[in-house]
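J.: Using the sequences and the accompanying hints, generate a full structural model.
Chain residues, written in single-letter form:
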Amino acid sequence: MIWVFLIAHVAGVGCAAVAGRSGIRTALGVAAIAPTLTAMWAGVSMASGAPPTTSTFPWVDGLGLAFRFRTDALAMMMTLLVCGIGVLVFVYAIGYFAPNAGGASRFPASLLAFSTSMLGLVWADSAWTLFIFWELTSITSFLLVGHNNTDAAVRIAARRALMITGGGGLALLAGLLLLENEAGTSTLTDLTPVQGSAANVAAVLVLIGAATKSAQVPFHVWLPGAMAAPTPVSAYLHSATMVKAGVLLIAVTGPAFTGLAVWKAVGLTFGIASMLWGAVGALRHRDAKLILAWGTVSQLGLLVTLLSLGTAKSIFAAVSILFAHALFKAALFAVVGEIDIRTGTRDITELGGLHRTMPIAFAVAVAAGMSMAGVPPLLGFAAKEAAIEAVLGLSGFDAVVGATAVIFGSVLTVAYTTRFLITVFGPGPTTKVAPRRIAMTIPAVMLAGAGVLGFIAMGTVNAIVRPAAIELNPKAEVYELLRWPGITTGLLTSLGIVAVGLALGAAIARRATPRIPAPVGADGADAAIDGVLKFAPRLTGRVQHGSLPVYLVTMAGVATLAALPLALDGSTDHLVAWDHPLQALLALVIVASAIAGAFVGSRLGAALTLGAIGTAMSGVFVLHGAPDLALTQLLVETVIVVGFVIGLGHLARRFPEVENTWRLTRLVVSGLGGLIIMAALAAAGADPSGTPPVGDLTAGAVEVGGGKNVVNVILTDLRGLDTLGEVVVLAVVAVGILALGSTTAREEVQ
Amino acid sequence: MILAHSPIVQLGIRAASPLAIMVGVYLLFAGHNNPGGGFAAGLVFGAVVTLRTIAGIQRPTHAIQIIAAGMAVVVLTAAAPLLWGDVLLDQKVLSFKVPLLGTIKTGSALPFDIGVTAIVVGLVLSLLDGLSATSLTNSPAETEIPS
Amino acid sequence: MSISLLASIGGLTTVGLYLITARSLSRIILGFSLLGHAAVLSLLVAGGPPAAAPIAGGDAPIANPLPQALALTAIVISFGLTLFLLALAARQQALTGDDLVEDDLEDQRIAASSNEEDRSAAAST
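Chains as they are written, first to last, in our numbering: chain E, 1 to 750; chain L, 1001 to 1147; chain U, 2001 to 2125.
Since the hints were derived computationally from the structure, they do not count as laboratory data.
Computed from a predicted model, the values in this text were never measured in an experiment.
You can take every hint at face value.
Residues of chain E placed beyond 12 Å of chain U at every Cβ, according to the derived structure: (1) N149; (2) V201; (3) A509.
Here are the in silico distance ranges between beta carbons for each label pair: (4) L:R1014 x U:D2107: 52 to 58 Å; (5) L:A1072 x E:L65: 40 to 46 Å; (6) E:D573 x U:L2105: 51 to 57 Å; (7) E:S689 x U:G2057: 24 to 30 Å.
By construction, the Cβ of each residue, glycine as well, lies at the ideal position given by its N, Cα and C atoms.
T.: Rendered as structure tokens:
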């Protein structure tokens, strides 16, 4: 089944790109088909209690690589979010974009491509499948953030998002490699606890990958910048789905890492820092969309904190909040997008009084905001209550840190929600408002309504959330979301949080226009990226300077060093001065001619030394019992000397003297090269790997090839294919020579 | 360049050519049992062509045609066994009598070697043709390049 | 194993490496030829000590034919390579009047542009 939906999504991407010719709204409609079908399938199969399935598609069998997918309860919950919210976002985008908006082929197709990648990610059951789709979400997200590609600020924001999430992807890749090595499997549902230093490194790397994707401090700087994207993208990627990928990753790798102290410490650091700093950011900013983005950083921090605490109850709370957050944050983004379109601004100092002019949006914002703040009677309250209960149930150090951070973060959450609602909708100058766009209103109402309905039909939400949490930690089965927990410490704490947060938020909202905080982190990230882009050509200029001799010296030097270990062992017992006295004489001729050839100034002289060496080589071959080699070498040498003479006849007789600067380095490197090759050969000869199969080859030559000259039978028969390749090389060389020559001839005629 | 088209040199080369060609043919046929083979034969023929070109007796032409013919023979010989279900380059051994040379035991290696010979001759021809464009037709530059 | 042959291989490799790092293409061709010779000799040396020619039917033990076959292929390929390099040298001399291997222009441009950026950055600060 999984394949059907993935293929439907991919086909939808193509169809949407084509449908873009008839306008962006048509294309969005076409793109919405595949997510609709998938969401319906997910809903039906969850309602009917279909058992989880897995499917595997082999990729590289030899490496044990395969695309593995699973549809367990967690994957199905994410499917519901990805596709359900996806459909609503597509509908919302129909209202968001003007009918004649640009990028009609690009945007819907990119959005659906993202949706496809995200589906693959949540279904992935292999670390490598997960990684591939993880990277795909980074790339498609880059396309979506950079949608308004004529705006330089948008391009910079998109680049920043890509570089940070892409860099995190590299850390994740290394972490997953280590994890697979330690755990012995890449199947995520088969992970068992790992230990040791490599496991610790893997845990940190995986956490860094997750932190970049889920915008954890200090990697969060890309998320506010990504608000340059069209609001449907923010609602979809930057609240409901993509930023949850990191949280999901922490959740699914948790079974392997939970026992590690470093996992918990680093995860808690990321989570608590993000939860608090994100909330502070949400209180400082003026742009309504940025307030939501910083709020998302804070909420993601809460999720990471809860997962890092690692108790069954905190995991259950994290899954519940993940579900609730997707609904209310998408609804809030939808409202902000509608305000942006209908009033032309998102600056909260310019907005005000919208509760009269945009009542439906106001209702949606209140419902979703209350859910975010954790106020009953909304789904967010039940989820937040579970989180408070979870941290209050801790003991020792965890209890102090976890409870303090979560309670403090929740107070700030209530505060920025209050500030958002008051400044945008509360008393103030009534902003002029354009007519309503029904396609934007419906999804917002549905998303906020889901939060209300979820509280009323708590059983249905439990049916979705509980199995997903049990999937991660079987002990979570004792927990469920409650409409009314009774008068407990948790409830009292919640009420206290809401009261303090309301007062704080109202106080801050009343303050005069706050200064916009400078984007220090984002600027720092951009400066780092610019630095890399400046450093790269400088390094290239240094390393790839274009001088062939330098390249060759470097290569020869490296090859020499690589051969060094071979040269260092071996005895000298097998060495004799010569096999035949003449051999020594010929060796002398060869070496002397070679040295003469290197230093002779005349080109003809150099060609003649080459001929001398070739002739001496023939002599060596004769002595060695290789008449075929001797014959061929002699004939080859003749042709080459003739070629030298006529080929270089046009050149000056003497070599130009332009190469003195490198002489010493070249001499040292080549001398060392020669010595080490010699030593390596001598060492290899001391320890032959076996007796040569001379008898077999001879018998084979006579019987199979019908010839007595074993060498030639090998060439034409036993290794005939090599000879075939060899003559092809010769033919290509001939054609090349003719082509070069005829070009020259043509130019001379002209 | 030695382009002295001296009649004596030309006569000498004309006289030597048939002898050299006979040596080449011997090498081609002997290769299966004694030193020699298609490559060596091709180089001998190539040396003949080189001498005749330098002496001005002939021009190095038809290199491409000879290479193409050689490639065709080689590829056909290599692929022919596929037709009757054997592996690529499978050998068929034949023996037959040839006047003057006696009984020749040979096989499909012979056409293969002939193809190799043709390609090597074509290569030498192309070398003469391609390089002579700059050298044989012009006088060499005697100037030194200043360092 | 014969020290004479090993010394030949060492000498050929040394001079070959020295020559291929030269600027003149005709020297580079010489260097490639010498390295080719060194490779062929290495094959031969690795194949065992001298013996009778590998022709079946004789009485004397014959030399290992496999390295000879490999060496023959190596000779032919380095022959083809040498001829092609000669044609390249001829083409180079037709274009520039000599056969010097120039530094790659595109690479130099990359280096120059990054240096220029540095200078303009230094000038603006």
